[in-house]
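Sequence order for the protein chains is A and B. Start counting the first sequence at 1; every next residue gets the next number (our numbering). Start counting the second sequence at 1138; every next residue gets the next number (our numbering).
What the hints contain is simulated information worked out from the structure, not anything from laboratory work. Note that this is a predicted model, so its numbers are computed, not measured. Positions of the beta carbon are idealized from the N, C-alpha and C atoms, including for glycine.
On the chain B side, residues computed to face chain A include the following (Cβ under 8 Å):
#	residue
1	1162
2	1165
3	1215
4	1216
5	1241
Here's the letter readout for the chains.
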Amino acid sequence: MSDVVEKTLTALPSLLSLDTQPGSARLSSNSKLGNLIRGITELTSKHEEEKLIQRELSSIKEQVSSPNTTMRQMKELMVRTIYCEMLGYEASFSYIHAIKLAQQGNVLEKRVGYLAVSLFLNESHELLLLLVNTVLKDLQSTNLIEVCMALTVVSQMFPKDMIPAILPLVEEKLNHPKEIIRRKAVLALYKFYLIAPNQVQHIHNKFRKALCDKDPGVMSASLHIYLQLIQENPEGYKDLTASFVAILKQVVGGKLPMDFNYHSVPSPWVQMQLLRILSLLGKNDQSTSEIMYEVLDESLRRAEMNHNITYAILYECVRCIYTIHPASDLLEKAAKCIGNFVLSRKINLKYLGLKALTYVVQQDPKLALQHQMTIIECLDHPDFIIKRETLELLFRITNAQNVTVIVEKMLEFLRISKDDYTTIDLVGKVAELAEKYAPDNEWFIETMNTVFSIGGDMMQPDIPNGFLKLLSEGFDNVEEDRKLRLFAVNSYVSLLQGESSKLPQRFLQVICWVLGEYSHLREDLDPAVVLKLLAKLLDMKSSSSETKSWVLMAMTKLCLGGAASSAAQEVSEACSSSLDTILRQRAHELQYLSQNSELQARVLPRSDRLEPVEVDSSLSFLDGFVSEALAAGAAPYKPPHQRQEELSRSKALSLEPYGLSLPISMSSCSITDRQSPTLLSMSSGLSGDSTDVSHKGGSTTLKLDGVKRVWGKEGYLAQKELVEEPAQVEVPSPLRSSSQQGDGDGSQTPTPTPTPECEQEKQQLASSLFVGLSSQSSVCLLGKSESTPQRFRRKAKGSGTSLTASEQTSQPFASPSSAVDSLLCNNLLDSNIASELVVSSSEQTSQLSEGPSTADGACDTEVELTDSDVKGSVPAVSRDDCAAAADSAPREDPDKPEDTSLASHLPAELSGFSHSEIIPVCTDRSLDLSACHVQKENSLVLAVFVTNSSDCAIQQILVRVESEELEVSCLCASPVEEVRSHSVAVCQYSLTVKRPSVHFELAGLVSYQLPVGTPQSVQFSYKLPLTSFIRPLTVTTEEYGTMWLAFSHDTKQNLTLVSDDQEPLAATLNALKKKLQVQVVEVIGMEGIVACCLLQDQPCLMHCRVHAGMLAVWLRSPVPDLPDCLLYHCQRALQEH
Amino acid sequence: MIKFVLMVNQQGQVRLSRYFQPVELSRRAALEADAVRCCLSRSRDQCSFVEYKDFKLVYRQYAALYIVVGVTDSENELSIYELIHNFVEVLDKYFSRVSELDIMFNLDCVHIILDEMIQNGDIVETNKSRILAPLTAIDKMADG
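Using the sequences and the hints, build the whole thing.
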């Protein structure tokens, strides 16, 4: 590292000691602060320190509140208070005095006052309001330094609600002749944008002015705003690409004044900021990317100096080059650059190289091959953090062939890691890899055992939940299922026979569930033996009561007949006096069921005898309920991952009393972003603990079968190809021979010794780690993947007829716990009542889901809903129109005749396109409003028809439409001003999607004036489905392949096939094509790929495969939520077919 | 995104702390102690970046003084590493040969300098003369 540090050390000799240097004239070591610091430094114990500081604070407190204290003394006191707070002692009494100091002091005192405020208070502190006046005064001061300070504090913290009070003043400062004021004003606006983006929406053009400011400082300040804006909406700023490129060119070319240089590199941090902006703009956009190739090349070239800061710039360059649309010569240079990094002897650089490589291998796995020996060395690096980063890299390149070696490496690291965060993170990754690529049952169960023992009670709850779900749902092959379960049982029995007290609680719970559910698979095992093993857990002191209730549940499943039931009796008696109500409940269940084997068999049927259950995974039977709730003002549903994101974005305390409204406890509900977003990541009551499942009766129908975790990659990545064509593995020559061996069994436990063998072992390790990464990786997408042994492939539940399905739902099924629950809910007696409830609700379901029968129909019903919504909300919103709205409420049939007449008013330029039915959205005394949407090729237009039903002309009509998820822009050159009596005016709005959603709701407001009377306004709303925005996307299979790999948001589900045809796949795809306007790219055998996009630029890809009578679809898109939303519509489309 | 800047000496005494994301006063001491422990335990030939919880620490040692910066994972660690040095160079320019004592006894000035460089966790100015301009202006006014 270290020439720089060495240089620094020689440059800063005075840092070497605490001795007072003659040069430090500013030392005020005799001051009170000096005394305080000196006093603290001399202390030896924490206790003494506390005493001293408390004494100090009380003396400060006395002085600050004394009227005789001058501002100069006050400043000195404030610095001392800052010091005390820095050491962790609260001094809230001084906060108000800090504000006073900022108000009344002269410049330096004022600055310290502001400083103290910004250190003491957080952004939501109420005292901050008292600062507003001071800031306001200082902003208007003629003293530039005061203006400067005010702007500095504003850009650090300012109460959100008071922004309007100072915004005009800050805006004015953008034109100030002094650069420093302009720069600080830009930063203040950036702060406003961060805390209240809506408040500064109107000054976006001023940001552009700042970007073009002649002063480089002002320009670079505006980059912060642009980075933020572009992150949120890259499409909106593509036109600025050329400007950013030009700026970067100037910076790189050394056009800035010399004082912007850092170690003779021109403004390095600005360069990095620009590179980040460019990578956002060029992502997935070829034409934009092409603009930047030249400047990127130049940046790479210029940054060849040997200094850390140039490496930092290079790193950003490389990231940018691999993010934007690829250019081969740049990629080559960037790859070389990464090579230099990872090979460097400077450890910081090596680290950065690994980080870059980790990012890059997602685009280009080949690159990992080039550096395999370095990576192997890094795995054994003495520095922990290098190792950790290497594992991260390996995680990204794992495939079915190298999984055993990589997982072994990860577990090795886990066993010595002491950091909780690292453990949680890595354990999750191991579990994910094990599920995805497990080569055989034995390995899988053993790996999961290690995961559970190491991860212990820290790991994410979705790991054990997912594991149990996997076991219980099984895969395609019944025999395989049985083997896996049997293996698990064997493994757990032997674990329990050993030292079980050290096993983590979560692991014990998993063991209990598996033994309860599957120990009967092992025929030579007497249930009594298992019961005894389980009973041992009850006696252990370390067992938590949650674990104990899992134990009792397992026993309840096993306690059939003979000796077993007497053992059960014993246990249940012991526990029935427990203080824990849940345990007592379980004990009673055990007692009751162990005596009544018939009831037991009915309540807890063996899961392998279960019939598949038909599930309405889109939950369409809830549509009515949902729209009612929405109409009543409920917030729309957000998938857990989105909620999580929002939660982490808002740093403030969550004041909501309850986390989730899902009726299951956190332990069985997994909210992590570790897995791909699913429609609903709820793992049903499988976890076996029925206390979690609080919803009764109807809940038994909610087996969320369609909700799946990401399971095998289904042969997308071409690494599978390599099984058939091992010769294509691209390995540098010395390794070729060993790489042919493929699996690398021998190298699983490499023990490096300083002999020549070591080198050989490393190479063997390399060959087993990097097998399967070849140049082909991204080409093959479909086809031969079937031939690869995909170990765990989930079983698709067959779809029965609707009759049997409703019968099945009336049976308590797979989740025994919830069945018991519904049983208990009926006083431990008759489950019939519950099942009747279920049947009736499922009948309702079918009625509801039959309702909308065509695509248009779907839109229809929604509009009806919104219509009633409007009626409902009018009285509350505009009191003026209350009467009018009430008048119009009992309308006669708002139907066809009006429709056809309105259609003729559709502007000529829209008439060629298909439009939705024109439906009335609201009516009042003098106006009728109708609307429809027109699907143009590359856009969607909303047409609002304003019909004047009164006898006089209506003036000053203004129609405003807005939506949270949509961007609405008015297409009319001039807004409608006046509508004559009984005539119609049309407003057009172009709609684009900001954030995908299943349905989009537009809120509108019409204001107008009658010749006589006061201005009036009416609200309306309009709803349209996502499908209106979907357009076919024409791509070739190759393009599809590369796009597929580049997209990060995905979701999977099984859908029903259209069955009334010879070729169900073709028929289903055709149905989708017709209903959703998607493009079928290619169909090969039982697989098909489909592409579409949201208007022109937000693609979504779909891969379909016929499998066990179902259509397994997998959607991917670069846009979050789009796959989820589209999946919903696919489901609807197929249901309606 | 920068989460905090710490200046700590080899004995673990905090000389300066600045948080750019709200952290409760009561939790700061533990976090600082942890962070310092992480950095002090590392040797010269180890990497200057450490993983700490869900973020990274970038640290740099100047004689007995450590400067530790907490950053999110998306940040470019090497650029932060150099930012620390830039900060030290600015301090050196202002105090003309800075020492730990300067930092201790002129806490307010060091904070004012840092405020010019980092705001809300973003690097807002790196030009040395511009960073110092407001502070020197204040000094002049106070003196004269």
